[in-house]
Amino acid sequence: MTTTDEIDSTVFEEAVTSTDPKVLAKVWGFGGMTSVLLGAIAGLLVGFERLDLTSADLLGSADEVFQFWSAHRVALVLLGVLPALMTLATTVVPRQCGANTLIFPRAAALACWTWLVGAVLTIVGFLADGGLGTPGAGGQRQATALTLIGLLLAIAGLLTATVCVVTTIISGRSTGTGLRDLPFTSWTTLVSATIWGGMLPVLAANIVLTYVDLRGRSAVRFGAEDAIWEQLSWMFTHPAVYVLALPVLGIALDVLSATTGTTQANRDVLLVATAAFGFLSFGAYAQPFFDTPGTPVMEEALYVVMAFAIVPVALVILGGVADTLRRGASNLGTRPPAETVCALLSVMLIVAGTAVGALRVIAPLDLLGTSVTGAQFTLVVGGAVLGVGAGFQHWGDDLVGGPGARPGMNLLGGLALAGGVVLIGATDLISGLLGLSDFTGVDLATAGYPGSGVDGLNIVSIVGSLALVGGLVIWQASGILHLTAAKKASSV
Amino acid sequence: MSAAPAAPTRPRTLVVASAFGTGSVLLYFGGLFALYFSIRADAMAWGTTWFPEGAIQLVPGGMNMATMALSAITMGWAVSAVLNDDRVHAYLALALTAVLGVAMVNQTAFYFADIGLPIDASEAATLLFVIVGSHLVMVAVGIIWLGLLLLRALGGQDTSRHRDLVSAAALYWYAVVAVYSVIWIGIYIAK
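Residue numbers (the numbering used here), protein chains in the order written: chain A, 1 to 492; chain B, 493 to 683.
To be clear, the hints were calculated from the coordinates, so they are not data collected in a lab. In this text the structure is predicted, and so the values were computed from the model without any measurement. Worth double-checking, as some hints may not be accurate.
Just some of the chain B residues that point at chain A, by a computed CB distance under 7 Å [claimed, not checked]: (1) V508; (2) A509; (3) F512; (4) G513; (5) T514; (6) S516; (7) G523; (8) L524; (9) F525; (10) S530; (11) I607; (12) L609; (13) D612; (14) E615; (15) T618.
All C-beta atoms in this analysis are idealised placements derived from N, C-alpha and C, irrespective of residue type, glycine included.
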């Protein structure tokens, strides 16, 4: 007689029905990094289109360029970095807290699959001529609605996972471990998760309002195709985008501390600084709906003060990182581990991003609508991707379940990625100072009548985009090879 | 011989999760309310009509508020009954709270079918339907949760030793009532 125990389940069945955080972490990790890669490819295509600012050459129209341009940001933030961070939040954080496993494992599994379905629907929506609206209202309304539903599902998944992580840290940590005793990855994840829990529902509210209006006979305001992005774009710019960077700062502090073999000095200062960094990244208020007559919300005192206040906070954290390196540099030897290099570069990129963010809000420079916004996004999100990669490399054997890491490939990919981010960020910054718009469209009026130097800068930016995509491909290949090696080792 | 010190206790997982989840739901409504009041203030400043005269009636909103306020009391009764291991009162209180929730949904559905205000009539109408509709979903989730609690109570699982799920549901239900009180004051009364 055959019993259910004797029936071999397929890999797919095991994955879908599993509540093991390690299995789910692979979905979060590979799904998130694949989205990051897709987002980088979308950015590369837009970069090629920017080589000629007067016409649509590669993509069909300004609306299509806009769809890829917005897909680049959505894929990197909601479908890429946040889920990739969830990989570490659902596996490494419980262990750091002394919890046996993640609390509510079934809810965590539901969250993971809900996010994945949402991510797929979002990508399909973008590819089916939908996305988050278009300036010329030339997209397909049904596909736009599909994109919005996909995003809602992705947010629902991320929020559910966030509840599981926060509950694990607060209620599941081992007896005698106070919040002050938490390792930095767990601490910054707790602070970030609190901010995610505050911002993602507001974004969901925006999306629901947009969806309801879009599905009506004719959009009243919120669902008008040329207005959708404007309502949701606050999630993909200062200050909301910093919340992606915060857990990465914690990861960097832990990775550097572990690889240099030193304990972090001034721990309490860093705990306060990272918490301040988190609360300065709450950006749900930065919506055009809250403009007061004559003063857009992005020119309000709160917005400007937050942009400047986060710079010294980031510098304090960089100081902590530098101090750890100074005291433990001798333990690194002549060839520092790949994760150390990636972690250090990620912190530096994030600090540079905060500086660019402060520059962007200086009113006389009038940079809010320029590609300086893109520069800040690239530096902060690029730094976040690099930091997540450092975390994957550091805890890779635990995540994948066996040996087989490729440090050489990881270092090469990380350096290519960092180089690409620097090139894109620097060229966007200079182009923005010369007057290039954040979204350039396919005519000079939309592009902002940029100065003559922009064409050359766009070529440099393309090189950066290619390096970024190349770095991500190397990392994906490294991850797959690691996974394959780990499976072989476990089967032997 | 002195007794061994009691092991330090951690906050209860279900209550912590419910508090965080409920907080997120409140932020969702906070976002919608902020949009509603901001756009309404702009409309008022420009002298634009927000809702057509007579479109929003005070009585249905007031009745719903009274229903919700009663349900908050019965929810407190349910928590108290579970704490005291009073199963009969727990059944009654949980069932009554759920019935009051259903009554609120019924009243709102009837009112919105009767209101004669299309969802795409204006920005105000769209916001009204989204806010009230979202709240109905919140109430419906609460009713389902209460139904599950009732089943657990019938199985003898909601006791003073296992009261977390009731406390978590009560926290959520109080948030349901709090959100409705903002709808009542901000939309039905202030119009």
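Here's how the hints hold up against the structure:
1. V508: At about 5 Å, which falls below the 7 Å cut-off, the nearest Cβ of chain A leaves the hint on V508 (chain B) intact, so it holds.
2. A509: holds, 4 Å
3. F512: This hint holds: F512 (chain B) lies near chain A, its Cβ roughly 5 Å from the closest one there, short of 7 Å.
4. G513: holds, 5 Å
5. T514: violated, 10 Å
6. S516: holds, 5 Å
7. G523: holds, 4 Å
8. L524: holds, 5 Å
9. F525: For F525 (chain B), the interface hint is violated, since the closest Cβ of chain A sits about 9 Å away, which is over 7 Å.
10. S530: holds, 5 Å
11. I607: violated, 16 Å
12. L609: violated, 13 Å
13. D612: holds, 4 Å
14. E615: holds, 5 Å
15. T618: holds, 5 Å
Comparing the model with each earlier hint shows violations of hints 5, 9, 11 and 12; every other hint is respected.
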